[in-house]
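Visitor: Each chain is listed here by its residues.
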Amino acid sequence: MHISEGILSAPVLVTGAGLTAMAVGYSLKKMEHKEVPKVAILSSVFFVASLIHVPLGPSSVHLILNGIMGALLGWTAFPAILVALALQGVLFQFGGVTTLGVNTLNMALPAIICFYLFNKGIRSENNLIALILAFACGFLAVMLSGIMVAAALVFTGEPFMQVAKLVIIAHLPVMILEGVLTAFCIGFLRKVRPEILNV
Amino acid sequence: MKNKLYLILTFIFLIIMMINIPVFAHKVNVFAYVEGDKVYSESYFNDGKKCVDSKIEVFDNQENKLLEGLTDEEGVFSFEVPQEEGDLKIVLTASMGHRAEYIISADELGDTVGSIKEELEEPVPVVSPEVSSFDLKEIQSLIENALDEKLKPIMKEIKKSQEDKISLTETIGGIGYIFGIFGIIAYFLSRKR
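Residue numbers (the numbering used here), protein chains in the order written: chain A, 1 to 199; chain B, 1001 to 1193.
The shape of chain A in the complex, shown without the other chains:
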């Protein structure tokens, strides 16, 4: 999911960095003082989740958890993901400095889209509906991220079919895994700490 240095063309990199900067600025302005600890904790969750590798076919994938980030954080997912990705880049050489903007956008924008789509649903009275929508939230967030990675590569000039095939095949198991994890997580929070969801 982390695009490396030296792959994308300059216009794609600049667009990604610009959009990320705007979104982070907006969400920092919007962020409430009391939200900060929650954002920090979820940021570190995101940071660690990417280190968990799931061996899979010819490639190896890792958890992303941007569905959970979106569902629990909303717009503040942007700074949370940016900080986590920056540290992954510095400490583990995941992604890179120039691709930080694009990578953040690829993972945080789907989180926010899922926030708007499922925000109400996962807080619904009906437990079953909430769990199903939580699954959809995790599933869709990864799918959208995959599509955005593919788009970034296609705009740089890689053949579309090859990229699209890879994204679908490589991410399908992650989508399911993340869907289940998100459903589990939301279900757990609804039972144990409903106040986190009610913010």
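The set of hints was computed from the structure by calculation and includes no laboratory data.
C-beta: ideal position from N, C-alpha, C; glycine also.
Certain hints may be false.
One side only, chain A facing chain B, incomplete, derived with CB under 7 Å [as the list claims (entries may be wrong)]:
1. Ile-7
2. Thr-15
3. His-33
4. Val-36
5. Ala-40
6. Ser-43
7. Ser-44
8. Phe-47
9. Ala-49
10. Val-83
11. Leu-87
12. Leu-91
Quick list of in silico lysine to any residue cross-link-like pairs, SDA-like style, CA-CA up to 20 Å [to be verified]:
13. A/Lys-38 / B/Tyr-1177
14. A/Lys-34 / A/Gly-74
15. A/Lys-38 / B/Gly-1180
Following the hints, put chain B in place on chain A, whose structure we already have.
Guide: Coordinates of chain B only, in the frame set by chain A:
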């Protein structure tokens, strides 16, 4: 005013920190070594899985592409040592935007191509030149082979140490950084209100 100054300083610090880090790709690594007159490159993801059917490109030190090819099932791609002088840059492009580079220095390559030629050019006085040059060449290749054989485990060790295994200290340190950064953000938010 003061707030802004602090913020700018923090950013400058972060940027400097990032620039100094050598750039590797996330998830893929490529490692290459010379054996005999061939260069072998091995490609693997950072959990140790091999990169199959990934594109390898070889550049000389002027960024001219010399050759390219695909890795086999073991993630290995090999090619003859090219005639060009200078360092070779091996670039791996794996699926989904993963990329890695490895540079083989000229000395490493020179050992195999250069030395035989140099030795041959020196006139050998006692025996007839044909026989001696043949012997020299044979001895050279024997030594090369023996050394390659002996060095194999060491090469493997080096390769292993280059796999960027994620350490616990770094992970915990990273979490600490995140809390620190959000602590700074919280500080600014609290001053704003």
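Visitor: Evaluate each hint against the coordinates.
Guide: Evaluation of the provided hints:
1. Ile-7: 5 Å, holds
2. Thr-15: The hint is violated - A/Thr-15 has no Cβ within 7 Å of chain B, the shortest such distance being about 16 Å.
3. His-33: 5 Å, holds
4. Val-36: 4 Å, holds
5. Ala-40: 4 Å, holds
6. Ser-43: 5 Å, holds
7. Ser-44: 4 Å, holds
8. Phe-47: Where the cut-off is 7 Å and the nearest Cβ of chain B is about 6 Å from A/Phe-47, the hint holds.
9. Ala-49: Constraint on A/Ala-49 not satisfied, violated at 11 Å.
10. Val-83: 5 Å, holds
11. Leu-87: Result: holds, 5 Å to nearest chain B Cβ.
12. Leu-91: Holds, about 5 Å.
13. A/Lys-38 / B/Tyr-1177: 15 Å, holds
14. A/Lys-34 / A/Gly-74: This hinted pair holds, its Cα atoms lying about 15 Å apart.
15. A/Lys-38 / B/Gly-1180: 14 Å, holds
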